[in-house]
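Novice: Those protein sequence lines, which keep their order, are chains A and B.
For the first sequence, the numbering used here begins at 3 and goes up steadily by one.
For the second sequence, the numbering used here begins at 3 and goes up steadily by one.
Mixed in with the good hints, there may be bad ones.
Said to hold, decoys possible - Partial selection, computed: residues in chain B whose CB lies under 7 Å from chain A:
id, residue
1, G46
2, D133
3, L177
4, A179
5, A183
6, P201
7, Q210
Hints were generated in silico from the structure; no laboratory data involved.
Think of the CB as a built atom: it goes at the ideal place given N, C-alpha and C, for glycine as much as any other residue.
Listed below, chain by chain, are the residues.
Protein chains: 2
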Amino acid sequence: MLSGGEARTEVGRGGARRRLTPEERLPQILEAALEEFAERGYGGASMAGAAARAGVAKGLIYYYFPGKAELFTAVVRSCIQPVFTEAEKLVAAHDGPYADLLQRLIRLAYQRVGEDSRDSVLFKLLLAEADRFPELGDFYRLEVLSRGLDLITSVVSAGAAAGEFRADAAEDGGLAAVLMAPVAMASVWRGMLGPERAPSLEAMCAAQTRLILSGLARPGPG
Amino acid sequence: MLSGGEARTEVGRGGARRRLTPEERLPQILEAALEEFAERGYGGASMAGAAARAGVAKGLIYYYFPGKAELFTAVVRSCIQPVFTEAEKLVAAHDGPYADLLQRLIRLAYQRVGEDSRDSVLFKLLLAEADRFPELGDFYRLEVLSRGLDLITSVVSAGAAAGEFRADAAEDGGLAAVLMAPVAMASVWRGMLGPERAPSLEAMCAAQTRLILSGLARPGPG
DNA sequence: TTGCTTATCGACCGAATGGTCAATAACTGG
DNA sequence: CCAGTTATTGACCATTCGGTCGATAAGCAA
Chain A
3 MLSGGEARTE VGRGGARRRL TPEERLPQIL EAALEEFAER GYGGASMAGA AARAGVAKGL
63 IYYYFPGKAE LFTAVVRSCI QPVFTEAEKL VAAHDGPYAD LLQRLIRLAY QRVGEDSRDS
123 VLFKLLLAEA DRFPELGDFY RLEVLSRGLD LITSVVSAGA AAGEFRADAA EDGGLAAVLM
183 APVAMASVWR GMLGPERAPS LEAMCAAQTR LILSGLARPG PG
Chain B
3 MLSGGEARTE VGRGGARRRL TPEERLPQIL EAALEEFAER GYGGASMAGA AARAGVAKGL
63 IYYYFPGKAE LFTAVVRSCI QPVFTEAEKL VAAHDGPYAD LLQRLIRLAY QRVGEDSRDS
123 VLFKLLLAEA DRFPELGDFY RLEVLSRGLD LITSVVSAGA AAGEFRADAA EDGGLAAVLM
183 APVAMASVWR GMLGPERAPS LEAMCAAQTR LILSGLARPG PG
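Sequences and hints are given; from them, build the entire structure.
Specialist: Following this line, the structure appears as structure tokens:
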């Protein structure tokens, strides 16, 4: 009865309405969606919630994104990509002992993990949802995992070629993953347990640096 | 209108009904719920879905569990705990060089990750949902993280005390986390990318073994 | 001002979901 | 075989949520 067919009689009389260019509104929506996703997870996040955080009507989000899934992938893309460009720049610019470079890379990575807690939360979320969104899984494989592994591999190989590291390190297929994992896991731990309860970043950074440098050194002179 | 007060006229005439003791039914429900959660995530999983997988009416789940959250924590508990008892038994029973023990522990961990893919998926899920369920976070911290770190720390310390490893390894607060992370991350990668696309477990196991053994060895004789 | 484009709103819908509850059939002990 | 206990059912409810859509106002050009 009270579901009148088109009984929509009092529409569109909303309050102050500010019209923005898409270049201004999009970041607002992405930022709000990041908060919503980080706080409630993918399944728990609601379009209405993201809209409310952005101070915007729900319908507007559908004006910018086809649906929830696309909004999520857009948020992830906009957040995780810049991390790697930084590291790659460091590698390209470096010269000197490779041990120093490796040490500096490790420190940079841990530092970055400690900086923005929302990044960690989103990273964790990415892990959790990747298998339900093929596009997300591909994105992670290509833009995060492979990129990180390649970066590490190139440094280790160069160090081995320069006689600084053990020669067999260059052909060790799993080494890069083993070197990358502690930072990734530190991020996950931070995202899930919070900065206080997760293992200390400083301690992990120091331990990994020591372990790697002595573990990769040539067994030669005492 | 058509919501008759107690118009429920034809209830309870369902088909073949098998009555089981709770000790028989509970594992069925937990197993079915594991499948459902692993496949759809926490938010995406539905009580009806879990019930259907168990071949049971939805209401029965509420007979055994107060709600969705409790069902989830029960599933996680039942799944992750047995992993550690195995490792702890290994440590308790071992004697001989600590390098061998460490090697064996690493192999056991990677092996276990490779065995049941649902465990990896659930582990990934646990990471993702821990911060929305305090009970889950505590469970992880106490029953998984601390337990693993303690195990590793005890072995490393014993090895250092026996003069097998570098003396300073025993006091390295972050070392255990760095040693534990690759296995955990390997599990996460498997859970999110699948066995084929994730970094090879064998390669990671071999690389980590090499890295650790040479990284922990006393710098002494060439 | 007029009129066109388009960013923005918010009521609405259908579907799905978590959770409840009275009815009931399967066992149990006597 | 009967009565009491309890495991099990499935219809039902309230709510939430993703997504649609017509109305509308803000800006811009003429």
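Novice: Each hint: holds or not?
Specialist: Hints and how they fare:
1. G46: holds, 5 Å
2. D133: holds, 5 Å
3. L177: holds, 4 Å
4. A179: holds, 4 Å
5. A183: holds, 4 Å
6. P201: Cβ of B/P201 sits 4 Å from chain A, so the hint holds.
7. Q210: holds, 5 Å
Hint check: no violations occur; every hint is consistent with the structure.
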